[in-house]
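Colleague: Protein sequences appear in the order of chains A and U. So the first sequence is numbered by the UniProt record's numbering: it starts at 1 and just counts up by one. So the second sequence is numbered by the UniProt record's numbering: it starts at 1 and just counts up by one.
Source of the hints: derived by calculation from the structure; they are not laboratory data. Careful, some of the hints might be misleading.
Copies of the same chain look alike in the list, so a pair counts if it fits in one copy or across any two.
In silico DMTMM-like pairs for lysine to aspartate or glutamate, Cα to Cα no more than 20 Å straight-line [stated by the list, open to error]: (1) Lys115 with Asp136; (2) Lys115 with Glu69; (3) Lys115 with Asp131; (4) Lys116 with Glu84; (5) Lys115 with Asp143; (6) Lys116 with Glu151; (7) Lys116 with Glu52; (8) Lys67 with Glu110; (9) Lys10 with Glu186; (10) Lys166 with Glu151; (11) Lys217 with Glu84; (12) Lys166 with Glu186; (13) Lys67 with Asp131; (14) Lys166 with Asp23; (15) Lys217 with Glu110; (16) Lys10 with Glu68; (17) Lys115 with Glu83; (18) Lys67 with Glu151.
2 protein chains.
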Amino acid sequence: MTNFIVPDLKITPRTGGYARGQDGFEHILRSALALLVNHGSAALTLRRIATESGMNVGNLNYYFRSKEELIRELLNAVISSYEESFDEIVHEAGATAEARLENLVMLILEDITTKKTTRFFPELWAMANHDPFVYDRMNELYDRARVSLNELIGEINPALPEDERKILALFISASMEGMTMFAGYEKPWRAQMPMLEIIARRSFIQLVSTLRPGEIKGDLSIGGS
Amino acid sequence: MTNFIVPDLKITPRTGGYARGQDGFEHILRSALALLVNHGSAALTLRRIATESGMNVGNLNYYFRSKEELIRELLNAVISSYEESFDEIVHEAGATAEARLENLVMLILEDITTKKTTRFFPELWAMANHDPFVYDRMNELYDRARVSLNELIGEINPALPEDERKILALFISASMEGMTMFAGYEKPWRAQMPMLEIIARRSFIQLVSTLRPGEIKGDLSIGGS
DNA sequence: GATAATATTGTTCACTTGTCCAAATTTAGT
DNA sequence: ACTAAATTTGGACAAGTGAACAATATTATC
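Make the full structure from the sequences, and use the hints.
Modeller: What follows is the structure, given as structure tokens:
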């Protein structure tokens, strides 16, 4: 419960081929991810991937028609792993809905401090700005990540209509993602993440449980002028 | 007040040289920024920058010793512009501290919907993961961006000690940055940004005004088990 | 252990990358 | 107009890029 680790890759077995081929396929993607995480997208050249995986350059072209296809498979494998993990997290038991929401927040924020997550997602966000495939796949991931958040909000605050719940879930999810650049792996506020977790839990619970239907729509703020 | 636009670049005039040289210098950085924003960091090649600015490749090497120096100057110019703008925002008049905090939140979230901001910052975050210079410069920027936030928190909740104020400011700032990938320029939730702004204002004000000293440190949560 | 499918190697190709430099052009002050 | 400094040009260079291919080695199955 305290430690929930998302596997690096979720690879759908290829049809046909030998066992060695499956190994090679996974090995290549694993090496590519290591390069991306340790040296950034600029290091993602076929030759560096080949060297990293102890293979010949030509062999990469056997597994992947093009470099673009390799990268797509890589992103897809990483993203699929997150999607699977999120589905598991949802079904984790918990007492009240509030407690389960707090657990979810903790799990996500702890994952953010992971080297892989801290390094991978900014690359993903940057790529999504210029690659429609990455854009779509990324939004698929976050859509699914918000499903459980959405349900918990519904349990805690049933009066809130569905569309407002969705926006609230987005706000909470986006808030947490924003911590990546500041309290992620080797980031200056990494040591303060436990306190950020407390703030996040407190703030999100308060927000979810006290937001009234329609409050989001009009600009009738509470304390505002 | 409604529209606060951060200039693209803040360039410190070079010493010596003709006026034409200064123009060329700025023109190159402007073209490089356009490429980065419109096509991503992969498009930042000297030849594309040269073409974009109607110059010869060799001329870029006259202005910048190396490609790395060009990119550093570019990032520095963009970041400096933000720093200058933040200093101006701080001194914007406002009634209560709450109202000024709400204004600040609105300004930042509106800037996030800008094409330049939505596209530039994810690139910056990704670069900061592997380039120490970018890492330092980025943290300088955010440190300064949080100064005004910090002061407002102190006004609203004077009982809160300085170190807890800092973490609270970080939480708020990071939360807003996280909206970039979801409600930024051409992002799926762009149209819902006004509602996200309402949620953010309400949530942040509530958080800042009700957080008690020491609450962050211990794990004595409010509604928790 | 022969055989066909699968995997790997080594090499070649055309192209792009950043850097460098000598020559030509433009600029500003005399 | 003359001049020296500043700017710009165009082309060269070695190194690296993704892609392609025939030749070789490995695997699983009979």
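Colleague: For each hint, tell me whether it holds in the structure or not.
Modeller: Results for each hint:
1. In this assembly of identical chains, the alpha carbons of Lys115 and Asp136 lie at most 20 Å apart only when taken from different copies (19 Å versus 24 Å within one copy).
2. Taking CA atoms no more than 20 Å apart as the test, Lys115 paired with Glu69 passes in neither setting, with 25 Å inside one copy and 28 Å between copies.
3. For a Cα distance limit of 20 Å, the shortest separation of Lys115 from Asp131 across copies, 16 Å, qualifies, whereas the shortest one inside one copy, 24 Å, does not.
4. For the identical chains of this complex, Lys116 and Glu84 are intra-copy neighbours only, at 17 Å inside a copy versus 34 Å across copies, given an alpha-carbon limit of 20 Å.
5. With identical chains, the CA atoms of Lys115 and Asp143 are never at most 20 Å apart, being 23 Å at best within one copy and 23 Å at best between copies.
6. For a Cα distance limit of 20 Å, the shortest separation of Lys116 from Glu151 qualifies neither inside one copy, at 28 Å, nor across copies, at 35 Å.
7. In this assembly of identical chains, the alpha carbons of Lys116 and Glu52 lie at most 20 Å apart only when taken from the same copy (17 Å versus 35 Å across copies).
8. Taking the shortest Cα distances, Lys67 and Glu110 never come within 20 Å of each other, neither inside one copy (32 Å) nor across copies (37 Å).
9. In this homomeric assembly, Lys10 and Glu186 never come within 20 Å of each other (Cα to Cα): the closest approach is 26 Å inside a single copy and 29 Å across copies.
10. Taking CA atoms no more than 20 Å apart as the test, Lys166 paired with Glu151 passes inside one copy only; the shortest distance there is 10 Å, against 33 Å between copies.
11. For the identical chains of this complex, Lys217 and Glu84 are neighbours neither inside a copy (34 Å) nor across copies (33 Å), given an alpha-carbon limit of 20 Å.
12. For a Cα distance limit of 20 Å, the shortest separation of Lys166 from Glu186 across copies, 19 Å, qualifies, whereas the shortest one inside one copy, 32 Å, does not.
13. Proximity of Lys67 and Asp131 under a CA criterion of 20 Å is satisfied intra-copy only: 14 Å inside one chain copy versus 24 Å between copies.
14. Taking the shortest alpha-carbon separations for Lys166 and Asp23, neither the intra-copy value of 41 Å nor the inter-copy value of 48 Å comes in at or below 20 Å.
15. For the homomeric pair Lys217 and Glu110, the shortest alpha-carbon distance between copies (17 Å) is at most 20 Å, but the shortest distance inside one copy (33 Å) is not.
16. In this assembly of identical chains, the alpha carbons of Lys10 and Glu68 lie at most 20 Å apart only when taken from the same copy (19 Å versus 36 Å across copies).
17. Proximity of Lys115 and Glu83 under a CA criterion of 20 Å is satisfied intra-copy only: 18 Å inside one chain copy versus 29 Å between copies.
18. Taking the closest pair of Cα atoms, Lys67 and Glu151 never come within 20 Å of each other, the shortest separation being 39 Å inside a single copy and 50 Å across copies.
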